[in-house]
Each structure stands twice: as structure tokens, then as C-alpha cells.
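There are 2 protein chains.
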Amino acid sequence: MHKLDENQWVSDVWPDLGTAFSLKISAKLHEEQSPFQRIAVYETSHFGRLMTIDGIIMLTDRDNFHYHEMLAHPALYNHPAPRNVVIIGGGDCGTLKEVLKHDEVESVIQIDIDERVTRVAEEYFPALCESNGDPRATLAFIDGIRWMAEAPAESVDLIIVDSTDPVGPAEGLFNVDFYRNCRRVLRSGGILVQQSEAPFLQLPWLLDIRAAMAEAGFMSRKTLSFPQPVYPSGFYSATLAGKDHDLGFFREADARAKPFVTEYYNAGIHRASAVLPEFLKRALD
Amino acid sequence: MHKLDENQWVSDVWPDLGTAFSLKISAKLHEEQSPFQRIAVYETSHFGRLMTIDGIIMLTDRDNFHYHEMLAHPALYNHPAPRNVVIIGGGDCGTLKEVLKHDEVESVIQIDIDERVTRVAEEYFPALCESNGDPRATLAFIDGIRWMAEAPAESVDLIIVDSTDPVGPAEGLFNVDFYRNCRRVLRSGGILVQQSEAPFLQLPWLLDIRAAMAEAGFMSRKTLSFPQPVYPSGFYSATLAGKDHDLGFFREADARAKPFVTEYYNAGIHRASAVLPEFLKRALD
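Residue numbers (this note's numbering), protein chains in the order written: chain V, 1 to 285; chain X, 1 to 285.
Hints listed in this document are in silico derivations from the structure and should not be mistaken for laboratory results.
Some hints could be false.
Copies of the same chain look alike in the list, so a pair counts if it fits in one copy or across any two.
To be verified - Dumping the calculated BS3-like pairs for lysine-lysine here, alpha-carbon to alpha-carbon at most 25 Å:
#1 Lys28 <-> Lys281
#2 Lys281 <-> Lys258
#3 Lys258 <-> Lys28
#4 Lys101 <-> Lys281
#5 Lys101 <-> Lys28
#6 Lys258 <-> Lys101
Let's have the full structure, built from the sequences with the hints guiding it.
See below:
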């Protein structure tokens with residue numbers, strides 16, 4: 001058995017799951033304590049650059065496309081006309097970049113409480129931030145929970161919650177009160193999509209998210225699963241909630257003719273990602 | 001950052017991939033050097049028991065169902081009448097157990113060169129071995145490459161190669177000569193299925209497998225992907241090869257009415273697992 005030298009490996013350790021995932025690094029490029037969390041950037045041997053927040057692996061250059069594409073494109077193609085989009089969290093700007101690939105989107109507000117995450121991303125992950133100057137994009141560094149409580153009713157088509165886990169600063173983004181405000185702010189036909197953790201290893205969190213969405217009045221829920229190598233179990237999920245409709249609508253022809261390049265998402269994946277394995281089907285029924 | 005104490009964590013380290021995956025353990029239950037490899041069994045904190053071979057994580061109680069089901073059921077339901085099945089490798093007997101769930105299967109020969117893997121599995125993973133006494137099953141501890149070279153032509157419907165990686169003892173199970181013999185031994189309409197590594201992290205291996213299958217004369221290939229938390233990237237693949245047909249046939253009604261319980265596989269997953277993400281579609285084209 002090899003030993004994992006702490007100077008050569010960044011380990012994301014989950015004692016409560018009994019797992020750890022490690023990436024080999026060649027250098028630490030940056031580390032700071034923001035007003036909210038500890039942000040670090042490393043150069044890895046095989047995954048390009050790596051960002052951790054409070055010691056938890058957030059993203060790497062090489063594999064973040066899985067997560068960012070699957071948080072953005074399925075929901076956008078499930079909506080008939082997504083014009084106004086809000087991203088809560090998402091400070092690394094990777095989700096924003098994917099959303100802005102859709103010409104039908106007229107405005108996107110990205111609301112992350114921690115401006116430092118974005119500034120660090122701009123410096124160390126320029127590819128994720130390449131669309132930040134798009135005139136349709138607004139970057140706000142304020143409390144997303146409060147923003148949602150104060151936003152006008154029926155003013156948004158799609159809300160994407162791209163947050164850290166439901167412990168610590170992001171806990172308030174996973175409860176009924178927050179989801180109720182999201183539902184209020186969505187127009188009829190609007191969709192909320194939330195990163196919903198690892199379905200195999202963190203199933204209780206996924207079930208809580210779905211239950212809270214239902215309690216907040218969303219008429220439908222749909223959980224998508226997809227690989228995400230650097231997150232627990234390497235397999236992750238996003239859950240869509242339909243304000244007042246069944247999420248069956250899919251602009252499939254648009255998805256097949258998408259005018260931009262993706263690495264993971266395509267129209268076939270759109271449908272396949274919603275097919276539940278047996279254990280998950282039983283758990284969600 | 002936490003440190004991974006070697007006495008509390010078993011780490012599967014892949015320096016050439018730049019990744020490591022670790023499971024928390026509470027005890028080492030067994031360790032031996034067989035004539036072929038080093039076999040160890042641990043009790044983990046959250047994954048039940050764990051088997052490693054030469055320090056590489058082979059399987060755990062908790063998550064092996066993903067791999068064993070996806071190696072067995074898609075190929076079986078893609079074949080119109082799978083009566084005679086051969087498993088090369090598979091000494092832990094998990095694949096054998098899944099194959100024997102199919103009443104239409106009349107015989108299965110499991111051929112693993114290392115009898116000790118099976119004896120250790122019988123002792124420490126009794127659930128995987130619960131069908132070993134099925135009268136349709138034969139366990140042979142001989143060289144699978146030689147067996148395939150000597151087996152009569154057109155005598156088998158399905159060959160499942162459930163092996164370790166294409167380095168060390170299993171290397172000979174991944175080349176054109178072996179695949180040519182598999183093709184010869186298969187009846188018309190026969191299928192070969194091979195574990196084909198992690199499509200994101202070990203893509204060159206997957207491409208080599210597919211190329212060798214084509215060179216050996218198989219008319220078609222189909223790569224399925226599925227989560228497998230304890231293998232590199234948490235996302236794995238199996239590749240089917242059709243001897244003289246296009247693999248489009250699927251006993252979907254049978255799969256929908258399957259008379260046994262699974263944890264991962266179902267008829268929806270059968271189709272969804274064959275949908276390729278963009279990066280893989282481009283790589284395989």
C-alpha cells in the first residue's frame with residue numbers, strides 16, 4: 001500500500017461516509033481565509049488546477065464540466081423560454097458560463113455571498129470566468145437567502161442553486177423557507193434546480209432536498225444523476241423542481257441542434273440522466 | 001486537511017492518474033500471497049467488507065452490485081437465448097451469481113486462474129457465493145486464455161471477461177489473439193462483454209479494448225457506463241462485442257418483467273447506460 005504524503009496529495013476526507021478522495025499536487029498556488037471560508041488553489045499532476053473550500057474539493061480544471069453542464073443545460077432545455085436566470089452560489093462562474101451559452105437567456109444574476117471565490121476563480125480559473133463580461137451577466141456578492149426573500153414575485157424563469165453542502169454557510173439554501181421564496185420568485189412554468197449531492201453515498205441529503213421542495217409547494221421533482229469524479233463516490237446529482245407543472249416538457253430539437261460545444265451534456269444524456277437505478281427508484285418512491 | 005492514517009484507511013493509489021481513493025477500515029481480516037497475487041480482506045467502517053488484490057481495491061459488500069449487475073444483465077438481455085455462458089476471471093463469484101438469476105441460462109463455467117480468490121470470497125463474502133452450488137454452475141481454476149484457445153468452436157452464447165486491469169496476470173485477456181478465440185468459441189449471435197475500465201480516467205485502455213475487439217473480427221461494439229464508487233473516478237464501463245450482428249436486439253419486455261431483484265440494473269438503465277456523453281462520443285467515433 002502506498003502512503004499518501006500530505007505534501008504531494010490533497011485529500012478530501014469524509015469520515016462520516018468512510019471514504020476519502022485524493023488528488024496528486026505539484027504546488028499550492030494560493031490560500032486565504034475569506035470572511036466566510038478558507039479558499040485554496042493547487043496545481044495538480046493530472047487535473048489541472050484544483051480549488052478547495054474549507055478543505056473540501058470544489059472543482060478542477062479537468063472535470064468540472066460534468067457538474068456545471070448538468071446544473072445548467074437540462075433545466076434550460078426543460079424550460080420553454082428561459083429568459084431570466086438567477087444563480088445562487090456558483091462563485092467560480094462555471095455555471096454562469098454554461099447558462100450564457102444559451103442565446104435565449106436575456107439576463108443572469110449570479111449571487112454568491114463570498115466575492116473572494118469569484119476573484120480567486122478569475123485569477124486561477126480564467127476559462128470558467130471567460131463569459132463574466134457578457135452584458136447579460138450581473139455578479140452580485142450578497143446573501144442569496146435574503147435576495148430571494150426580497151425579490152419580486154414571478155420575476156424569474158430559472159433558479160440554479162450551485163452551492164456547497166448543506167452544512168455551514170450554505171445550510172440555509174436547502175430548506176423549506178428558502179424553497180418557498182424560490183417558488184414565489186419563479187414565474188409560472190419556472191424551474192428550480194439544486195445540486196443534490198451524491199445519490200449513493202449521501203442519499204439522506206437528497207431525500208431531504210426533495211421533501212423540502214415538495215413541502216414548499218413545487219408540483220414536481222426530477223433527479224438527474226451524472227459522474228463527477230472529484231466529488232464523493234464520483235457520482236452526483238441535480239434535482240429539478242417544477243413550480244406548477246410536471247417537467248415533462250423538453251425542447252429536444254433545440255438540444256439536438258445546440259449551437260455550442262459541450263463535453264458531457266447532449267440530448268441523449270438529457271433523457272438518460274433522468275433514468276433512475278433500482279435502489280434510487282425505490283428510495284424516491 | 002486530514003491525514004490518512006495507514007492503520008485506519010486502505011488507499012488505492014494511482015500515481016499515473018494522479019488520484020487515490022481510500023476506504024476507512026476497522027480491521028484487517030485476512031491477507032495472503034497466492035501463487036498469483038496478494039489477496040487481502042478488511043472490515044470497513046461504511047462499506048462492509050473490502051477485498052484488495054495486489055493493493056488495488058477489487059470490491060466491497062456495499063457497492064459491488066453496480067459492477068456485477070452491469071457486467072451480467074445488459075449482455076444477457078441483449079442476447080435472444082443465452083443458454084451457455086462462460087465467465088473468464090470473476091473469482092469473487094459476484095458475476096456468476098447475477099448470471100444465475102436468469103432461468104434461460106443452462107450452464108455457466110467460471111474460469112479463474114486463482115482458486116484462492118474464490119476460497120477467500122466463500123469465507124468473507126458469502127453473499128456473493130450463495131449460488132455457487134447451483135447445478136448449472138461449474139467453477140474451474142485454470143488458465144482462461146488457454147481454455148479459450150482449446151474450447152470447441154461455436155459452443156457458447158455469452159463470454160463475460162470479469163478481470164483485473166490489463167497489466168500483470170490479466171494482460172492476456174485484453175488482446176486480439178484472446179478476442180479471436182472468444183469470437184471463434186461464440187455461436188452465431190454470440191456476445192463478448194469485457195470490463196473496459198474508467199472511460200474518463202482510463203480512456204486509452206477503453207480505446208485499446210474496442211480496437212482489439214474490432215481487429216479480432218467482432219462486427220459491433222457497444223460501451224455501457226455506470227457508477228462504481230470504489231473504482232478510479234467512480235465511473236466505470238463495460239464493452240459488449242457482437243460476433244456477427246449489431247447488438248440492437250434487446251429483450252426489453254423480459255427485462256421489464258425480470259423475475260429477480262436488482263439494486264442498479266433495470267430496463268431503463270439498460271438503454272440509458274449505452275448513451276454516450278459528448279467527450280466519449282467524440283473519442284469513440
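Quick rundown of the hints versus the structure:
Proximity of Lys28 and Lys281 under a CA criterion of 25 Å is satisfied in neither setting, with 42 Å inside one chain copy and 35 Å between copies. When the C-alpha separation of Lys281 and Lys258 is checked against a cutoff of 25 Å, the pair qualifies only between copies, where the shortest distance is 16 Å, while the shortest distance within a copy is 30 Å. In this assembly of identical chains, Lys258 and Lys28 lie within 25 Å of each other by CA distance neither inside one copy nor across copies; the values are 38 Å within and 52 Å between. In this homomeric assembly, Lys101 and Lys281 come within 25 Å of each other (Cα to Cα) only across copies, at 21 Å, whereas the closest approach inside a single copy is 32 Å.
Proximity of Lys101 and Lys28 under a CA criterion of 25 Å is satisfied in neither setting, with 32 Å inside one chain copy and 51 Å between copies. Only within a single protomer do Lys258 and Lys101 lie at most 25 Å apart by alpha-carbon distance; the minimum there is 9 Å, versus 42 Å between protomers.
Violated hints, listed in ascending order, are 1, 3 and 5; each of the other numbered hints is respected by the structure.
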